[in-house]
Structure formats: C-alpha cells, structure tokens
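S.K.: Protein chains in written order, with my numbering: chain A, -3 to 347; chain B, -3 to 347; chain C, -3 to 347; chain D, -3 to 347.
Read the hints as simulated data drawn from the structure, not as lab findings.
As the structure is a prediction and not an experimental result, all values here were calculated from the model.
Careful, some of the hints might be misleading.
Label-pair ranges, simulated between beta-carbon atoms [said to hold, decoys possible]:
#1 B:K245 x A:K131: 48 to 54 Å
#2 D:N57 x A:K110: 48 to 54 Å
#3 A:K134 x D:E66: 32 to 38 Å
#4 B:K255 x A:D283: 37 to 43 Å
#5 D:G86 x B:P270: 46 to 52 Å
#6 C:P198 x B:P270: 58 to 64 Å
#7 D:G86 x A:N222: 43 to 49 Å
#8 D:K41 x B:D56: 43 to 49 Å
#9 A:P25 x B:G194: 44 to 50 Å
#10 D:K245 x C:K247: 57 to 63 Å
#11 D:G86 x C:D81: 44 to 50 Å
#12 C:E162 x D:E66: 53 to 59 Å
#13 A:K134 x B:K245: 58 to 64 Å
Stretches of chain D that chain C covers, calculated by requiring three or more beta carbons in the stretch to come under 8 Å of a beta carbon on chain C [unchecked claim]:
#14 165 to 176
#15 218 to 227
#16 306 to 312
Lysine-lysine pairs mimicking BS3-like chemistry, simulated, CA-CA at most 27 Å apart [claimed, not checked]:
#17 D:K245 x B:K58
#18 A:K58 x C:K255
#19 A:K261 x A:K247
#20 B:K44 x D:K255
We put the beta carbon where it would ideally sit given N, CA and C, even for glycine.
4 protein chains.
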Amino acid sequence: MQNEKIPVAVLGATGSVGQKFIELLSNHPWFEISELAASERSAGKKYKDATNWIMQTPLDNKYGNMIVNECKPNLSSKLVFSAMDAEFAGAIEEDFAKAGYIVVSNAKNHRFDKDVPLVIPEVNHEHLELIKKQKFGKGAIITNPNCSTIGLTLALKPLQDKFGLESVNVVTLQAISGGGYPGISSMDIIDNVIPFIGGEEPKMESEPLKILGTVEGNEIKNTSINISAQCNRVGVIDGHLECVQVKLKTKAGREEIIKAFEEFKSLPQELNLPYAPKKPIYYFEEDRFPQPKIQRNLEKGMAVSVGRLRECNLFDYKFVVLSHNTVRGAAGGTILIAELLKEKGFLEGIV
Amino acid sequence: MQNEKIPVAVLGATGSVGQKFIELLSNHPWFEISELAASERSAGKKYKDATNWIMQTPLDNKYGNMIVNECKPNLSSKLVFSAMDAEFAGAIEEDFAKAGYIVVSNAKNHRFDKDVPLVIPEVNHEHLELIKKQKFGKGAIITNPNCSTIGLTLALKPLQDKFGLESVNVVTLQAISGGGYPGISSMDIIDNVIPFIGGEEPKMESEPLKILGTVEGNEIKNTSINISAQCNRVGVIDGHLECVQVKLKTKAGREEIIKAFEEFKSLPQELNLPYAPKKPIYYFEEDRFPQPKIQRNLEKGMAVSVGRLRECNLFDYKFVVLSHNTVRGAAGGTILIAELLKEKGFLEGIV
Amino acid sequence: MQNEKIPVAVLGATGSVGQKFIELLSNHPWFEISELAASERSAGKKYKDATNWIMQTPLDNKYGNMIVNECKPNLSSKLVFSAMDAEFAGAIEEDFAKAGYIVVSNAKNHRFDKDVPLVIPEVNHEHLELIKKQKFGKGAIITNPNCSTIGLTLALKPLQDKFGLESVNVVTLQAISGGGYPGISSMDIIDNVIPFIGGEEPKMESEPLKILGTVEGNEIKNTSINISAQCNRVGVIDGHLECVQVKLKTKAGREEIIKAFEEFKSLPQELNLPYAPKKPIYYFEEDRFPQPKIQRNLEKGMAVSVGRLRECNLFDYKFVVLSHNTVRGAAGGTILIAELLKEKGFLEGIV
Amino acid sequence: MQNEKIPVAVLGATGSVGQKFIELLSNHPWFEISELAASERSAGKKYKDATNWIMQTPLDNKYGNMIVNECKPNLSSKLVFSAMDAEFAGAIEEDFAKAGYIVVSNAKNHRFDKDVPLVIPEVNHEHLELIKKQKFGKGAIITNPNCSTIGLTLALKPLQDKFGLESVNVVTLQAISGGGYPGISSMDIIDNVIPFIGGEEPKMESEPLKILGTVEGNEIKNTSINISAQCNRVGVIDGHLECVQVKLKTKAGREEIIKAFEEFKSLPQELNLPYAPKKPIYYFEEDRFPQPKIQRNLEKGMAVSVGRLRECNLFDYKFVVLSHNTVRGAAGGTILIAELLKEKGFLEGIV
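Given only the sequences and the hints, what does the whole structure look like? Please build it.
M.R.: What follows is the structure, given as structure tokens:
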C-alpha cells in the first residue's frame, strides 16, 4: 500500500546518536521505527530502562516500551540505521549486509572500503551507484561521514564545482556532543578548551577527498585537494564551527563565491526529500555570524551556515562554517541518505 | 637609598586591566603604587568606591582607600602604567610623555608610532633604544602589544631566529577576559562561540612584523613574514589558545624545533627580572596539552605553553600556543617592560 | 470578519523580552503584530537596524522592515503588549490605558496597583474582573507577574486549593536570560554563581499573596501565606529552577499531592487557548528531574515541571519546580493573558 | 631529629582527591609524601603513568616517578591519608588501623562508627579523644566529613556556641569537582543544573549532629538540631555555595551574629597549625558576595565565606555560606586533622 511506512531498526539505539535517530525518526513521513537493538547488556530490557535518555524532547512511550533486541541480523526491518560504537560496528554491519539488510551507518568502520559509498546526499549522491557492485547480494552498507567533515565538505562543494579547489586549511571548534555520552568530563571543558580530538584530524584530511571524488568503474577516485585540519573541543553543546581557508584553481570574486554558496542546490532539494533543507547553505553578512547557539537549528539543523568570507593573503579566501553536528553531522545526515536510497529505487524489492 | 621602591601610578586604574596591574604590583620588589588615576567620574572617590573589583585576590585596603586622581600629568610618580581605554589613551599618554613621564602602555594607540617601541622583552628588548630619539625630551612612551600577539610572537621568536619564517597562519580561541569588564554578555557566550573580535585580526597580522623587525636608524624596519589571522571568542575565562601553522625558510626537524622552544632564553632571564619567567616557553608532549585551565598560570602566568607540534602538508609545521592574556598578554607583560627599562638604565634621572 | 486577526503592538520591542514577544507572536492564530514601538533612540529606524536580535529563530523580514514607533498612544492597534523597562513603563502604560488601549504588561510598575490585576491565567483568571472598575474608561492595564513568581505560584495553586498553604520557603537557581540583554557579564557567571538578584526576593515574597488572593469588591484581598525567598543566579541560559518547601493546612499524602499537580487544569485548558499548555504541571518521578536543559521547553515552554517531592522535617514537603522564565515567565504568560481577555469578552468593542 | 619531616602515604592517590592531597602536601612543613598507593590496576606503575593528572599545578617529578603501591598495610609510613572510593575504603582502612597505622580518611565509610571521630578541627577537636578508646591498639581511624557538611557546620558552630540552634534549613549549589573525575558529564551540566546528588542530603542532615555533639564516655552524643537539606549540582568548577536558614534558641541581633562569625577562632588558630586559616570565617557585607569564583581561594581555600545575613520570616535568619569543596571540604580539611593529631601528641610513638 502506498501509505504504509517502511519499518526501520536502529542499531546502537541506547547511545546518544541512537537516541537522536529515535528523536528525528518520530513522525517521519516514510520511515517508522519498528525495532531497537543494542548491546547484550541492554537486550531484553524495555528501551526506557536500558537507556539514559538525554534528548530535549521527552521519550515517546511508543519507543520507551519497546523491548531492546540484540544487534543480530534476525530483525524484521530490512532497513537499519547503525549508531553503533566503532568497536563493534565493523563486523556487525557486515553481518547485516550479508544477510540482505540495507545498512545506513554513522560508524566510521567501512567509510574507506572501496565498494562502500561515503555520502553527503547534496554532494555525491551519484556515489550510491557503488552499492550495486558490493559483495553483499541484496544487502548493502552505505556510510555517513564524520560530523566535522560534513559541514566542511558541504561548504566546499559549490567552490569545487565552480572554481576548483587546490588546498583547504581548516581549524575546528567542535561541540561536546560530538564526544558522545557521557563523553567529555565537565571537569575538562568548563572554563577550558581541549586542542585535540583523537582520530579527528586524519578523518577531516581524508574523507572529503573520497566524498568529492568521482566514480570510476567499481570504485571512487579521490579528488586531489591538499587538506590540513586542526581540531579543538570547546564547551558548546551542539554545533561545530570551522575556520576555513581555501586556495582556488580559478580566480573568483567575493560576490561570486557568496552566490555559489547561496544558490547551491542538489538532488535532495529537487526531490524534495523530507529531511532535505530547502537551502543547504546560508551565507550571513553580519561579522558576528554564524554562531552555534544562533544558527545551528536552521532548517531543523540540516542547513550549513557560512559567514565572514574575506580575502586571505596566504590562501585566496577565508571564511567560517557552522553545522549541527548531531543532526546534519550524524543522525539527520544518515536519514537523508536513506531517503535518497528510497527515492532512487535502491530499496525496491528489499524493504 | 638602595632599598627604596620606585613610586608608580596606574592610569585607567578602575578597569579590568587596571585592576590586574594593582593585583600584580602588590608586593613588587622594585615598584610601589603611590597613585591611582582614572576618569573624571571616578576622580576624588576612594578607589574601592570607584571600582567594581573583580580580581580573585581581595583588594588590599592600602589601595582601596587611595583617592583616585584624574589622568592628568600632575602626578608625583614619574613612571606610569597606562591601562586606559583606547578612546582616551592616545592624547593623555602624549600629555604625560611631554611632561616628562615614562609611560608604559597597554593601550593600542601609539603602537605603530614610528619612534615608539612595541616591546615583548624576550623578543625585542633592543627596540627600547628607540625612545632615546622620541620627541618628548625626558619623557617617553613604550607600548605593550595586543594580548593575542604576545603569545604568538613569543612562540615565533625562536623559530625566526633559528630557521627563519616565511609565513604564519593563526586561528585563535580567545578568552572572555580579553573583552574587558563587563565585556561579553553571558547571553552571547554560554553554549556558544563568536567567530569575530573587532580589530583583532589586523593587530595580529601587523604587530608581529614590527616586533620581529630590526632597529634601523630612528625607526623599526618591519620583518616581512606573511601572516593571516582568524580570531574567535570562546567561553574560557583566561588564556588564549592559538592554532599556528608556519612555513620556515630553512628546513628543520621536529626535535630541533622543540629544542628551540625549550631552550629559548633572552635578556629578561639573564637579568633575572622579577616578572621574567625562568623559562619563557614550555613544550608539552601530551596530545591534550596545552589547555587554558591547566597551563595558563605556569610561572605565574608569564610563560607560554606550546604543544602538538607536527608536520603540516600546507605549511611546514603546525602547533598550538597558549598564553595568559591578562598576565603575559597585558599587565604582566607591561610590568616586565618597566623592569627592563629600569635595569637597562632608562629610568635613571627620571624616577 | 471571523478570520481577521487582531492587530497588536509591542512596546519596548527592541529588548530581549520584546524580541521574545515577536518570536512567539509570529503565526499566532488570533493576534498579528502590526506595530512595534521602542525608545526615541530607536524610533524611525527599521526594526532590524534598531535591535540586536538574539533569538534562536531568525528575524522575519515582515517585522525586520517595520519602522519602529515611539511609545506614544497614537498607535492604531488597541491591544498592546508592554515589554518596557520599569524605568519608563509606569507612566507610559498609564498614558496608553487613559487613551483607551488595553495594556497587557510584563513590567513590574503597576503590579500592586489596587485596581490592576496581577494574573496567571490558570491561577486567578477571575481577577480580570477588576479591570471593569479601573479608572481608565475603555482602556485597562493588566500585569503579568515576575518570572520566578510564575513557576512557583503555578505549582502552589493546586496545593492551596486542595490542602491550604501555611508557609512556603523557596530558594531559586535562576537563568541568566532573566537579567535581560546584555545583562549579566560573562566574567561574572562562567564558573560562578551569584547569590543575589536585585529586587527579586521581595517580589517572590509578595506577588504570590496577591495572585492567590480573592476579589473582594473593587480590589484583591491577599492570601496570608508566609513566604521566604532566596534568589541565586546560575549560568543557565533559560529555565528557573526553584527548591520549594511547604507547610500545608491539612495533612496530605505524597500520592495525593502528585495527583493534585498532575490533574491540575483551569480555564485556559477548558477554553483551549492557543498558548495554554494541555497540562499546566508535569510531575517527574526520576530523582534527577526536572532539569532546565531537559524540561524547559515542555509544551513550548508553557508547562511547569515538578519533581523530587519528599517529606521535610522542617515543613511538610519539599520539591523542585522548573519553568521557562522568558516563555511561561514573561512573553508567553503575557500572551496567554491576552488570549483570556479576548475569550472572556474583555476586548469587545475595543480592538 | 627535630627537623625531619614525618613520612606519610596517600591511599587512593590516583583519583581527584588523591591528586589534591599530593598537590597540597608538596612543601608541607611537617609531612612528606613517601609512598603512594592505589588500586591493583595502578600498582607497580610509575605514578605519572597511572594517573590522569588534572590539577592546575604541574605534577612534580618527585611524585610522578614514584612506583605506586597497592593499598595494603605493608607501607613504611605510619600516617596515611585515605582518598579511596567508598567501595573499598571501609575494609582497607580497618586493615591499616589494625596493623597500627593512623588513618585520616576522607571516605564516608567509618564516619558514623561509634568510636570514630568525625572532625572539623575548629569545631570539635575534642572529639579526637575518642581514638584512645578505639579497638585498634596503636592504630586509629579519624574521618573528615562530607564536603558540603564542612562549610555549613563551620558557619553554624559560632551560632550554636553563642545562641543555640533549634533548626537549620539548607539548599546547596555544589561544584562539579565534588563529583570526582571524570564525574559529571559535560553534556549534563553545561547550560543546566541537576537538582539531585546521590546520598548528599542524608549526609548533610546527619553529619552536623555528630560533629556538633559532645563526647560522653566512649562515644559522641549527637546534638538535637532539626536539619533539612536540598542539594543541587551547578556548573561551577570549585566552591560549594549554600543558602542557609536558622532558628536560634536565644534571640540575637544581626550585628551580634556577624561578630560571632568574624571573631570565631579555635584551637587550630591558637596552635597556628600550618593549614589553619588565620580566620576561619569571613563575613562580606556586599550583597553580591560570597561567590565561588571570587572567594573560594580565601586563605588558600581553607576559610569559609559568609554573606547576605538578613532576617527571615520563617526562621530567624537566612544567609549564604561558601567553602572550597576540594580544599577545606576534602584534602585540606583532612590534612588539618593530621596536623592537629600531631600537635596534640596523638602521633607520638607511632610515626
């Protein structure tokens, strides 16, 4: 029937990303959570007893009373969202894919597998083609990039398309929610900044190369931009701010660049996907913007905010990018991938 | 008599930098505050009634009961520390210098006057010679750089000396105390970051060029490093963190650079000046350091902390610098200049 | 015509409460902002140029492009919301009332005027009758209580009704947004608590007495509860938390009290007013709730959250109350009063 | 020899209280840390490798290079400070006492043992006599109260002595460092307050009764004040603020009470113990004081600050108390007990 929702499962449902999936999937027009799965420790309990719910909207009893499953490929929902810890996600996601499930994952494990697309729907929706060639039969794994990569790469995409990118320098001020829950100790971050996030810089220096790359045969050919990243943790709850510098391949005026940001649209906008922002990138002329507290919730957290574009004597331009790390950068971005999968027909015959 | 202390005055004594001068000058072995001066509004009142004391050490009644003077050159102390607002500092500091006072200033107004030295004692103490050629007769103006410049330039100095600097890129995470008092509204910074500090980036891009320059005749010839700065305000009370990238003129290994940081010493250390840190720069090998809360008070806030030195594919190296913005970057740095003036004989016949 | 909205004006539109009125009145089903008014300094400017918009939803250009009026009774909207500073509100509100305007005010000036009702719609809607006897002809003044009073008094109301209140002790942990904008300096509240809020304790000790009082003839007869309040400012953005202790007139069991909280409903719920929460009070059994960050937005910020009810050896019971200070405690509460005025017919013949 | 320092050990040295002991005992005039002990997991490692040092003063290599011992009574230091988790402290402390060690403990386990004194040196130093009757032979256990109890009880002592206390009501705003490390998640406390601290309220309602009690024969007879406590966690790093209300047995004027606070002195002051504050209690007349950030470090964190004394219609008076929870409330208070033990001769023949 046309109006029936597609049942989905959330793997790793008790963690903070898992909770965000549940929060965002409530009232989703196409998907309906029918199963929640987590570690053995949680399995068999009611979800509300297995999790320490920290979202700002109350836990709906519809989910709270679900009995938590183990993360094993015996679920009835064939579309599964993975919010599992990297420690476990690698093997379990493969098990699901082999068993014919479509796994859309926020975990890092398979991001660089040759046949696994690493997707930001507005940037490289065409990479989804890769899954046709995956070794899993009907099943598949599709990955969502790292939270700090997503904001950066969305802002880079129109520049890459219009002017070409030679090099990119980025210094981040990242929110604590990126560290999960309980994550960063309050003793470490109140009145403080931590100039290091384990594993984050290599991700930011490599993931955009694949995302901005091109499908060649059965795999992605990376683009060849030079990227350097320095990552800092700051005492902000949600919203990663990134100070970016770019060297372009062709000259561009300030107004042209702002126009490129503001006019950027892609397939999710054309398809009018439920989680797609009307406008993926907003440019702000006020010097003091973007700010996490003010702009992170733009378009329900799915739009990226850019500001302070100015010339740079070491590169060509410098500017500031802000994106909501747990929405656009995690659960929301992953849901958008699933919407795209559906709309492009990848779920047909499976879910 | 040998043991008598030099009487000093603080101009702009009621503001947050003025308060920090008073806090740091209590028990100074050479200087003794004998006069406090501030705006007309405060003049004539007891200091404790004219100021909203926000330092973490209680206000000594010795100062609290002083009657505040106007900022006019009729003070008996011939050595004056200026913590005045830039709105007034320019003209008043000149008035004092013309009247024969030695003005050591934290205000920005005269930093780029050709005959006014802009001094970090460990970096360019030799620039003090300039004041002999100032137009003020016995009086003189010496300036302390901007708080975010000082940490950066101290860390750059040994690199400039040993390897030469071609370009420097810096992105800052600056503390709220840099905005004075009341300064940043709590509504603007809790759970937030502000990607803009008015006037800060031009200062960071220009001041190091003069400080690292050389005396040629009656003025300073700027050095010719390319610098780009992006400045952010974060919800940290004290301590500016800076993510720095450098391109060197000659190749250098990581160990050589750490050695250059760790072994850096200069005239203030040789002269064993009271406010000079034993070691101006500390290098930390732990990935998570330096952090404002943990390292800002090193050597009473006068040392700079460096960490995370690693190669950078866009420059040669990247690293992180931390310094205490109201001590090393303001009152403490200015006091150190005055100590140097005394020890080098510039105060003779005046104070 | 049935579907035409009532035009309203906001006085004091540029401040933080004024902004909140605009944010909350966008898309209101009954009211439409047709005029904005503020101080002489702002009058004549476009609203977006006259204010420093700090709300988390972007300023709609519909309002941003309005030309700000002076706060003079020559506006065409006859229903006006006052968010003016207490310094000016007193006289200006009277001028408007005398000129036939209905003034619903968040300012403190007229709260204790004998013929002016001080209203929390769920608690004392019947006090609105007072305005019939006001000295202003067709015009009227109705006041909204202090933000910290509202949460407290809403939670007290069912206890007063069912068991009677003898004494109430309250210690508050109040959010910084209660101090307006720029309000509290970040230097004063990060890593800190301020155990004093000017004028707050007297308000909390007196306002509930009038609100819980009864109409007798032309005025309100205060109720006679003994109240003590201690008020603290904490580094929370929105949401006042209050630790309350009560001595009841008649004995009550814990379950009875929770039932009284949970079942409490009043006229705004019966009338199904647009801004009325479905349930005014929610009781949470989890020890760690209510928390500002988690529960402040319950029912769009209009519901009050209660938790930790337990016996108290000095009173009868102690518990914790949380309410959103700028929504339920200011703009939202004031809008609910206006809705009640309309629905009870007080606006007929005027707007 | 007269000048030789007494060797001491710290049990539970790797936790945050253990670290604070090490920080405070560096350069202690009487005691010298000669051994560090912790869990099996840490034993055998260098201290610097076994702990995540979070103090704001760098870890001295003298301690960093010590090999961590297990918490077994085979240490050579006969005076041991216990900073162990309550999970283990109970049995291990007994083992040490039985083996002839003097254990001064910050853990809660033995606080209510009949023959174990619970001591704030300025309040009940005479309770130390109890240890002569302990069942441990030469060994003994002495306990330091809970951090929030100590500030409160120090402030109550002069009132109890001069006017008698009938009832005490307290609502706390407690710092995150009270929760240990990593303790409270930053996700839980930034822009938030938690109205619950597990086990804290019962401690505050019971410990003062023993501390303010009297030695009768072989045990303490509790005093009979009625106490109610409500405990909240706020985003402050160090410093517990407490809103207190008291009902006195005899009438007292405001000035008398302030005098009682200000003039309060006790044995530690008379003996001039190294860690004793010159003045245990400071009264501040400014409405906005005491504040954690401003007053917590008074007298190196060992003094208690009181302010806002005013009449209360439900009790007699209300006021605010502030104390440094990890110094006066934990490591510093415990060290002061050990100093008292030494000076009163309890260590003779043992250490």
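S.K.: Hints first: check each against the structure and report whether it holds.
M.R.: Now the hints, each set against the structure:
no.: 1; hint: B:K245 x A:K131: 48 to 54 Å; in the structure: holds, 52 Å
no.: 2; hint: D:N57 x A:K110: 48 to 54 Å; in the structure: holds, 49 Å
no.: 3; hint: A:K134 x D:E66: 32 to 38 Å; in the structure: violated, 57 Å
no.: 4; hint: B:K255 x A:D283: 37 to 43 Å; in the structure: holds, 41 Å
no.: 5; hint: D:G86 x B:P270: 46 to 52 Å; in the structure: holds, 51 Å
no.: 6; hint: C:P198 x B:P270: 58 to 64 Å; in the structure: violated, 51 Å
no.: 7; hint: D:G86 x A:N222: 43 to 49 Å; in the structure: violated, 60 Å
no.: 8; hint: D:K41 x B:D56: 43 to 49 Å; in the structure: holds, 46 Å
no.: 9; hint: A:P25 x B:G194: 44 to 50 Å; in the structure: holds, 45 Å
no.: 10; hint: D:K245 x C:K247: 57 to 63 Å; in the structure: violated, 28 Å
no.: 11; hint: D:G86 x C:D81: 44 to 50 Å; in the structure: violated, 59 Å
no.: 12; hint: C:E162 x D:E66: 53 to 59 Å; in the structure: holds, 58 Å
no.: 13; hint: A:K134 x B:K245: 58 to 64 Å; in the structure: holds, 60 Å
no.: 14; hint: 165 to 176; in the structure: holds (count 3)
no.: 15; hint: 218 to 227; in the structure: holds (count 4)
no.: 16; hint: 306 to 312; in the structure: holds (count 4)
no.: 17; hint: D:K245 x B:K58; in the structure: violated, 41 Å
no.: 18; hint: A:K58 x C:K255; in the structure: holds, 24 Å
no.: 19; hint: A:K261 x A:K247; in the structure: holds, 22 Å
no.: 20; hint: B:K44 x D:K255; in the structure: holds, 23 Å
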